[in-house]
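Modelling step: build the complete structure from the supplied sequences, incorporating the hints.
Here the protein sequences line up with chains A and B, keeping their order.
If you count the first sequence from 1, position 93 lands on 93 in my numbering, and the numbers rise without skipping.
If you count the second sequence from 1, position 51 lands on 191 in my numbering, and the numbers rise without skipping.
Misleading hints may appear alongside valid ones.
Said to hold, decoys possible - Derived pair list, reagent style EDC-like, types lysine to aspartate or glutamate, alpha-carbon separation capped at 16 Å:
no.	chain 1	residue 1	chain 2	residue 2
1	B	K184	B	D203
2	B	K184	A	E30
3	B	K184	B	D235
4	B	K184	A	D75
5	A	K130	A	E105
6	B	K184	A	E28
Treat the hints as calculated values from the structure; they're not laboratory data.
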Amino acid sequence: MLRNTLLASLAACTLSSCLSANFNRSKELEALAEPALETLEIGESGLAACLDALGAPTRVWEVDGGAALAWYWVDRSDWGVTFSVPAGDAVSANLSYGDFAVDAEGAVLFFDQEWQLAALRRGQIAELLKEERRRPAIVE
Amino acid sequence: MATSVNAIEVGDSSERVTELLGAPTEVVQLGTRTAYRYDFTETKSAGLFLLVVGFFNSDSHQDRVWVFFDENESVTHVGATLAGDQAEYSMPWSD
Numbered sequence: 001m002l003r004n005t006l007l008a009s010l011a012a013c014t015l016s017s018c019l020s021a022n023f024n025r026s027k028e029l030e031a032l033a034e035p036a037l038e039t040l041e042i043g044e045s046g047l048a049a050c051l052d053a054l055g056a057p058t059r060v061w062e063v064d065g066g067a068a069l070a071w072y073w074v075d076r077s078d079w080g081v082t083f084s085v086p087a088g089d090a091v092s093a094n095l096s097y098g099d100f101a102v103d104a105e106g107a108v109l110f111f112d113q114e115w116q117l118a119a120l121r122r123g124q125i126a127e128l129l130k131e132e133r134r135r136p137a138i139v140e
Numbered sequence: 141m142a143t144s145v146n147a148i149e150v151g152d153s154s155e156r157v158t159e160l161l162g163a164p165t166e167v168v169q170l171g172t173r174t175a176y177r178y179d180f181t182e183t184k185s186a187g188l189f190l191l192v193v194g195f196f197n198s199d200s201h202q203d204r205v206w207v208f209f210d211e212n213e214s215v216t217h218v219g220a221t222l223a224g225d226q227a228e229y230s231m232p233w234s235d
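Here is the structure:
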């Protein structure tokens with residue numbers, strides 16, 4: 001009896017569109033090839049070898065006369081449920097719940113003035129790109 | 141784009157590069173050197189509505205080229221990723 005009541009309630013809610021759910025996903029750019037990244041050696045690899053191995057970077061900026069090149073990709077997903085109940089002629093009550101997850105990883109390669117790989121960092125984009133918006137150095 | 145990118149050679153001038161690829165999307169100063177970015181983004185979005193449940197997916201990929209110049213505006217390096225055609229219509233649960 002209880003089961004039938006629950007099913008009937010659920011069906012009623014569904015038919016009157018008082019319950020809705022959504023699942024969204026957004027993928028941007030290409031994941032970095034880890035094996036290619038492993039072939040690079042700090043102090044040994046030059047810019048040409050890095051570009052051959054990893055392709056074109058997503059971002060480039062100046063760092064202390066050298067340069068930083070970033071490769072990253074984003075996989076973002078979110079879902080939500082909304083429950084709406086008419087409470088009068090022009091009044092309704094809504095209850096929503098949602099959650100999201102962002103997988104935004106990448107790598108930044110730092111090059112010296114001779115285009116030799118000086119450092120390599122991996123991690124989340126937000127951390128890796130912290131220094132990106134610095135103003136370029138003044139050229140005398 | 142691939143044909144034009146392959147035509148760029150180390151030592152080419154910035155004029156030659158813009159002749160082949162057009163105006164860059166971004167120019168970055170790297171001390172006395174510069175780098176040009178060219179990109180093309182392909183995005184494919186798909187959605188599925190099942191009465192009260194909706195599924196949406198967006199997939200973006202790029203053709204992306206960076207051309208690096210020395211202080212004399214001559215090409216020193218070229219990096220290219222041509223993945224714009226990898227964008228797909230798919231559902232959010234697919235990889």
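Hints, one by one, checked against the model:
Proximity of K184 (chain B) to D203 (chain B) is assessed by CA-CA distance (about 15 Å); at most 16 Å being required, the pair is judged to hold. Pair hint K184 (chain B) plus E30 (chain A) holds up; C-alpha atoms about 14 Å apart against a cutoff of 16 Å. Straight-line distance between C-alpha atoms of K184 (chain B) and D235 (chain B) comes to about 14 Å, which keeps the hinted pair within the 16 Å bound. Straight-line distance between C-alpha atoms of K184 (chain B) and D75 (chain A) comes to about 15 Å, which keeps the hinted pair within the 16 Å bound.
With a C-alpha separation of about 14 Å, the suggested pairing of K130 (chain A) with E105 (chain A) holds against the 16 Å cut-off. Note on K184 (chain B) and E28 (chain A): the hinted pairing holds, with a Cα-Cα distance of about 11 Å set against a maximum of 16 Å.
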